[in-house]
Amino acid sequence: MIHSLFLINNAGDIFLEKHWKSVISRSVCDYFFEAQEKAMEPDNVPPVIRTPHHYLINIYRDKIFFVSVIQTEVPPLFVIEFLHRVAEMFQDYFGDCSEVAIKDNVVIVYELLEEMLDNGFPLATESNILKELIKPPTILRSMVNSITGSSNVGETLPTGQLSTVPWRRAGVKYTNNEAYFDVVEEIDAILDKSGTTVFAEIQGVIDACVKLSGMPDLTLSFMNPRLLDDVSFHPCVRFKRWESERVLSFIPPDGNFRLMSYHVNAQNLVAIPVYVRQNISFFESGSSGRLDITLGPKQTMGKTVECVVVTVHMPKVVLNANLTATQGNYTYDPVTKILVWDIGKLNQQKLPNLKGSLSLQSGAPKPEENPSLNIDLKIQQLAISGLKVNRLDMYGEKYKPFKGVKYVTKAGNHGHFVVTNWKLHNILASPFYV
Amino acid sequence: MLESSKESLKLEAMKRVVGLIAKGKNASELFPAVVKNVANKNLELKKLVYVYLVRYAEEQQDLALLSISTFQRALKDPNQLIRASALRVLSSIRVPIIVPIMMLAIKEAASDLSPYVRKTAAHAIQKLYSLDADQKDHLIEVIEKLLKDKSTLVAGSVVMAFEEVCPDRIDLIHRNYRKLCNLLMDVEEWGQVVIISMLTRYARTQFISPNEMLRDTNSEKAFYESDEEKRKSAEETKPYAMDPDHRLLLRSTKPLLQSRNTAVVMSVAQLYWHLAPKHEVNIITKSLVRLLRSHREVQYIVLQNIATMSIQRKGMFEPFMKSFYVRSTDATHIKTLKLEILTNLANEANISTVLREFQTYVKSQDKAFAAATIQAIGRCATNISEITDTCLNGLVLLLSNRDETVVAESVVVIRKLLQTQPSEHSDIIKHMAKLFDNITVPMARASILWLIGEYCEHVPKIAPDVLRKMAKTFHNEEDIVKLQTVSLAAKLYLTNSKQTKLLTQYILNLGKYDQNYDIRDRTRFIRQLIVPSERGGALSKYARRILLAPKPAPVLQSAFKDRDRFQLGTLSHTLNSKATGYLELSDWPPMAPDQSVRNVEVAEAVSRSTLAFDSDEGPKNGHSCEAGSRSGSGSGSSEESSSEASESDSESSSDSDSGTEQKKQSEAKPAQKVRRSSGDGLVSVCDRVCVCVCQQLSSPVFVPVHTYELLHRMTGKGLAAQYHFSRQPCIYDDRMISVQLTFSNNGDHTLENIHISEKTSAGQNIHCFSPIECLEPEKSVTVSMGVDFNDSTQAASFQLCTKAEGFNVSIQPAVGELLLPVTMSEQDFSKEQGKLQGMNESSATIAMTPESITSQPLHRKVVNMANVGVVPSGQNNVHRYQITKLVSSGALVLVCVVQKDSGAQLTVNTEKTIIGSMLLRELQTVLSAP
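Protein chains in written order, with the working numbering: chain A, 1 to 434; chain B, 1 to 930.
Next up, chain A with everything else stripped away, as it sits in the complex (with noise of 0.2 Å):
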């Protein structure tokens, strides 16, 4: 299984190394070197590389890529996987996965990789249970320790690492008792020039903040359950209820995690929240071009888009661009060629436009593209699937199922609201031929 971890920030410096086995010699990292050179951007290194001895999987994330060393044969999205929740669980305890917090709790992320693998065989990778094991740095903590001289490694076994619920841990104790739902949708579309919808599809996650005492036990029940085309569970959730009952039952873990991700029936029509009217075109002599981006609402169901950014990734050949934006601003990086345009929010009355030109290299032949743009955009109170909670119920102590009404009123306090985020990507604005 994994041998080795070695993590690797973007100017090529391991500073960080863990084996799980007998010691692997960082000089294979040189063969992943090599393959980043070849690769230009650190997005397409292949993650499985091969080397005379080892295979290296890797995975980039936050900057940071996480290189493992594997010997023998093993599923490749098994390493994966693994990588992605270390690179979780860092975010988890340090606030964010980055070079310098890593650095910062260097013995906390030994402590931590030592316990998630033995002899690069997963251990524990249930941040409920890790967190009894090796509690989170905090400042109070810290404090704490140094005076008491006490430590923040768990004396005893963690008790969900034995029971039926691994992923919770007993004696939850709180004052306030919530538990928030966070249904966050993403709407993926490529539109072409005419603004008809090439492709549209809607995925969504349910992510919970859930803080209760004891060990409750949670129904979530939907109003329109049949949207839901293709989901994914949390470990907790009960897979027959949801076969049988469409209503996600549960025992939730303390604190933060994702309910469930789930994605809308294609069938259903999805409705693209804005349109776009846009013109780029590059002249044949004078080395110059031409852009003009109106963005208007559109199927937003009474509610404003919010954070609407356009990026748009222009041509190597255009070297400034001279514009005037009616709404937000607007950045050109000459380097990257990447035309950014933050709007804000959008205006039902004044439609954003940003119009003007852009210079081109001269001599340089004109782009045989048009440029595609990207939109970024936000709708908050809105599910655009019309996905609906219906209502949470908890049923308290799991051994007198029918007691737990009790608890209902006792804890209170779980309220769920409803975040939407939007996310448009792809609006390929490059006209189709055939």
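Do not take every clue at face value.
To be verified - Cut-off 25 Å, straight-line C-alpha distance, at most; resulting in silico cross-link-like pairs (SDA-like, lysine to any residue):
{"id": "1", "chain 1": "B", "residue 1": "322", "chain 2": "B", "residue 2": "292"}
{"id": "2", "chain 1": "A", "residue 1": "103", "chain 2": "B", "residue 2": "43"}
{"id": "3", "chain 1": "A", "residue 1": "366", "chain 2": "A", "residue 2": "315"}
{"id": "4", "chain 1": "A", "residue 1": "378", "chain 2": "B", "residue 2": "330"}
{"id": "5", "chain 1": "B", "residue 1": "254", "chain 2": "A", "residue 2": "239"}
{"id": "6", "chain 1": "B", "residue 1": "501", "chain 2": "B", "residue 2": "465"}
{"id": "7", "chain 1": "A", "residue 1": "135", "chain 2": "B", "residue 2": "42"}
{"id": "8", "chain 1": "B", "residue 1": "41", "chain 2": "A", "residue 2": "110"}
{"id": "9", "chain 1": "A", "residue 1": "21", "chain 2": "B", "residue 2": "99"}
{"id": "10", "chain 1": "B", "residue 1": "107", "chain 2": "B", "residue 2": "42"}
{"id": "11", "chain 1": "B", "residue 1": "25", "chain 2": "A", "residue 2": "223"}
{"id": "12", "chain 1": "B", "residue 1": "150", "chain 2": "B", "residue 2": "41"}
{"id": "13", "chain 1": "A", "residue 1": "366", "chain 2": "B", "residue 2": "403"}
{"id": "14", "chain 1": "B", "residue 1": "107", "chain 2": "B", "residue 2": "137"}
{"id": "15", "chain 1": "A", "residue 1": "378", "chain 2": "B", "residue 2": "323"}
{"id": "16", "chain 1": "B", "residue 1": "107", "chain 2": "B", "residue 2": "78"}
{"id": "17", "chain 1": "B", "residue 1": "430", "chain 2": "B", "residue 2": "390"}
{"id": "18", "chain 1": "A", "residue 1": "38", "chain 2": "B", "residue 2": "43"}
{"id": "19", "chain 1": "B", "residue 1": "23", "chain 2": "A", "residue 2": "95"}
{"id": "20", "chain 1": "A", "residue 1": "131", "chain 2": "B", "residue 2": "465"}
{"id": "21", "chain 1": "A", "residue 1": "63", "chain 2": "A", "residue 2": "42"}
{"id": "22", "chain 1": "A", "residue 1": "103", "chain 2": "B", "residue 2": "55"}
{"id": "23", "chain 1": "A", "residue 1": "135", "chain 2": "A", "residue 2": "97"}
{"id": "24", "chain 1": "B", "residue 1": "15", "chain 2": "A", "residue 2": "136"}
Stated by the list, open to error - Where chain A lies over chain B, by a calculated footprint (3+ residues, C-beta under 8 Å):
{"id": "25", "stretch": "19-30"}
{"id": "26", "stretch": "295-307"}
{"id": "27", "stretch": "330-338"}
{"id": "28", "stretch": "514-524"}
{"id": "29", "stretch": "804-815"}
{"id": "30", "stretch": "827-835"}
Treat the hints as calculated values from the structure; they're not laboratory data.
Glycine included, C-beta positions come from ideal geometry on N, C-alpha and C.
Since the structure of chain A is already known, use the hints to place chain B on it.
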């Protein structure tokens, strides 16, 4: 600081040391100072010392030994976490001297009360094995022991150890197979991956292929399940019944497709791909497509696997084609993979959409990708002949593209396409010849030259002109272009020597003095071949045939064509070469190996500790009945097993509920009550069959233990044979009835090679048992065979042979054994009964003694006589049984018994009137008997 008396200082020091290790700096000189702290009370300090120790013990073996005693002490600690971590560190210290200590510790930990410690022991097995492979035999013992463990925590780790240490010892899995399948849902994610991939290999060796029968009739296109079932029942002469254990595996893994862990989803997908019947594989599609929304690296692996799948099964992914459209933000390797998949998925119906997508890609700024797209267009064009012309025209348009690579790639692809149908496209060749001056990429130039040479007869005017131009620039060309120029010259010389003789000679002269020896060689060869000289002209006669022979068109095929030799989802598949430690997936066995090896004996389960009780129960009782009756130990064992089964009834029935969604709940629930002796395994066989006959097959209500004599020991000269009807669905064929034969050797010498030599009776299909090699005196052996009685009570006769002699024997079926029970609700029963009125109905009234009228004895009599299922009845005095017949017709047989004051009214409804009347007669005799 490490020597300090203050703990906080020590801790601080240790943290710095660990920091050094993390940066990869050498901290080994601190070893003595660090080791001293191994017995420290502070847990964090201790842990850091462990980290240090594991890192450097290998380098400082002698000093490391100092710490061993601490671990040995810790192994006895009451705290399970400390025991486990002591074992972890002890086994991680790679010092060969302590191998015996490790072995001892592992053995002890394997029987620890805490599953967490046992899990650690399973991990330690692998560590010890990598340190000292000689311990293999001892370790296998431990693995065997841990495999029996019921804890979900241990299962994953021990299977991992199994895979590492002894992947070939499949025999260890047999008895744990059903347990593993049932536990799978609750095992932690990582364990699931390992167990699933192990079970995939296992299943490949133990079950027969579910697609064997369909292979010749099945086309690549997917069709709806119902269609397939229809086809199957129509076409298949020999239907296939899936092993219940095989079904169990498929069913218990299916919910895992919804896992959040991508590795789990992938491993289930590969399991279905490798093991499931073709029409069931489709369920993985959606989940795989879902994985495409995950991280970039995950996409890469999943796309690779989809690419391999899409070559064999286009239909699977076609509805999701849009998910494979390339985004401008994709990484290059993902773009290429998507392109590959789109090409694989293209067919006559969707080609126009695919081509339009491709045309957008061609304009991509990523030129390598654009070039790959052109190749993909080429592949589509060869695969789908209708669009070859469109593609060619499109590619020709691309020739005027400004980008070098695009043009070059187009030329190469056009060349390949033209080879398939050159005669119609002389205008394209002309066009390319015109472009020749502007193209600088050598490969493209060479391609054009080759084209002109090959088809110079279609372009007689242009060809010499091109050659003339080439003669001018010959010395500036790349080698590959020079070679093609020489070929062109030679071909022209042969076809059009009048115009080109001088030119050819000029080029040959140029080539003769070229710097590259390949070109010099070629020139010399061509000269000898085409220019007739005084001596050695033997070959030149054939020059024309050699040079202008029609060449086969190149086959443009997917780079993923040969990847299916690797198990999907593996590292080897990703790399397309065998990785170290890759375990081959074997082919299906032609015959199913004995399935009884997976049975867990009832007696053993009881005698084992009570801990063993609960989880063995579910899967086992499916076969306990069979096992009991087979061993011939009389009615006692079957009673016992059924009583045991009823204890776990609620548990097992809830399991089977969830797994088989296609079941209608209303039908399934009453069935569960009846199905006293059924387990998960059997139900699953029925699930498969039931689709064909519309009703649920259920397992027998009761299996009589009555045996019939096949061969008496006197006539058989020592060989005695008995047979009985096991009332199990036959594993060989749906229409067969399984018959259990028990041979015993009552003579005084060994009998060899007992087999069936010839079937003497006509019209009956017999599936023989595999020959018994030898049978010792006083021993007996049980085999099972299948007989298709064709719905008649005619005896099946055949010759039973030993090495020395042959005996003619026959099996006489009772009418009650020709049936197979199905489950049905009361309404359905009445409905079916209504359909079978008139001459299909036969009825009789039986006089019975009052005490036998009570339902219990009546019921027993009926089920003893015939293999029937029971329909729960609302009325107290009505008993309804229904049966479906085994043989080709599959017709329903309905039996209804209504109690009356002095007797009972018996009604039998069936299409097959003869069977109906026979059954009625038999039932009458049985019921009227006291």
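Hint check results:
{"no.": "1", "hint": "B:322 to B:292", "in the structure": "holds, 12 Å"}
{"no.": "2", "hint": "A:103 to B:43", "in the structure": "holds, 23 Å"}
{"no.": "3", "hint": "A:366 to A:315", "in the structure": "holds, 9 Å"}
{"no.": "4", "hint": "A:378 to B:330", "in the structure": "holds, 23 Å"}
{"no.": "5", "hint": "B:254 to A:239", "in the structure": "holds, 11 Å"}
{"no.": "6", "hint": "B:501 to B:465", "in the structure": "holds, 13 Å"}
{"no.": "7", "hint": "A:135 to B:42", "in the structure": "holds, 15 Å"}
{"no.": "8", "hint": "B:41 to A:110", "in the structure": "holds, 20 Å"}
{"no.": "9", "hint": "A:21 to B:99", "in the structure": "holds, 16 Å"}
{"no.": "10", "hint": "B:107 to B:42", "in the structure": "violated, 28 Å"}
{"no.": "11", "hint": "B:25 to A:223", "in the structure": "violated, 59 Å"}
{"no.": "12", "hint": "B:150 to B:41", "in the structure": "violated, 34 Å"}
{"no.": "13", "hint": "A:366 to B:403", "in the structure": "holds, 12 Å"}
{"no.": "14", "hint": "B:107 to B:137", "in the structure": "holds, 13 Å"}
{"no.": "15", "hint": "A:378 to B:323", "in the structure": "holds, 23 Å"}
{"no.": "16", "hint": "B:107 to B:78", "in the structure": "holds, 18 Å"}
{"no.": "17", "hint": "B:430 to B:390", "in the structure": "holds, 18 Å"}
{"no.": "18", "hint": "A:38 to B:43", "in the structure": "violated, 46 Å"}
{"no.": "19", "hint": "B:23 to A:95", "in the structure": "holds, 22 Å"}
{"no.": "20", "hint": "A:131 to B:465", "in the structure": "violated, 80 Å"}
{"no.": "21", "hint": "A:63 to A:42", "in the structure": "holds, 9 Å"}
{"no.": "22", "hint": "A:103 to B:55", "in the structure": "holds, 20 Å"}
{"no.": "23", "hint": "A:135 to A:97", "in the structure": "holds, 17 Å"}
{"no.": "24", "hint": "B:15 to A:136", "in the structure": "holds, 16 Å"}
{"no.": "25", "hint": "19-30", "in the structure": "holds (count 5)"}
{"no.": "26", "hint": "295-307", "in the structure": "holds (count 7)"}
{"no.": "27", "hint": "330-338", "in the structure": "holds (count 3)"}
{"no.": "28", "hint": "514-524", "in the structure": "violated (count 0)"}
{"no.": "29", "hint": "804-815", "in the structure": "violated (count 0)"}
{"no.": "30", "hint": "827-835", "in the structure": "violated (count 0)"}
Hints 10, 11, 12, 18, 20, 28, 29, 30 from the list above are not met by this structure, while the remaining hints are.
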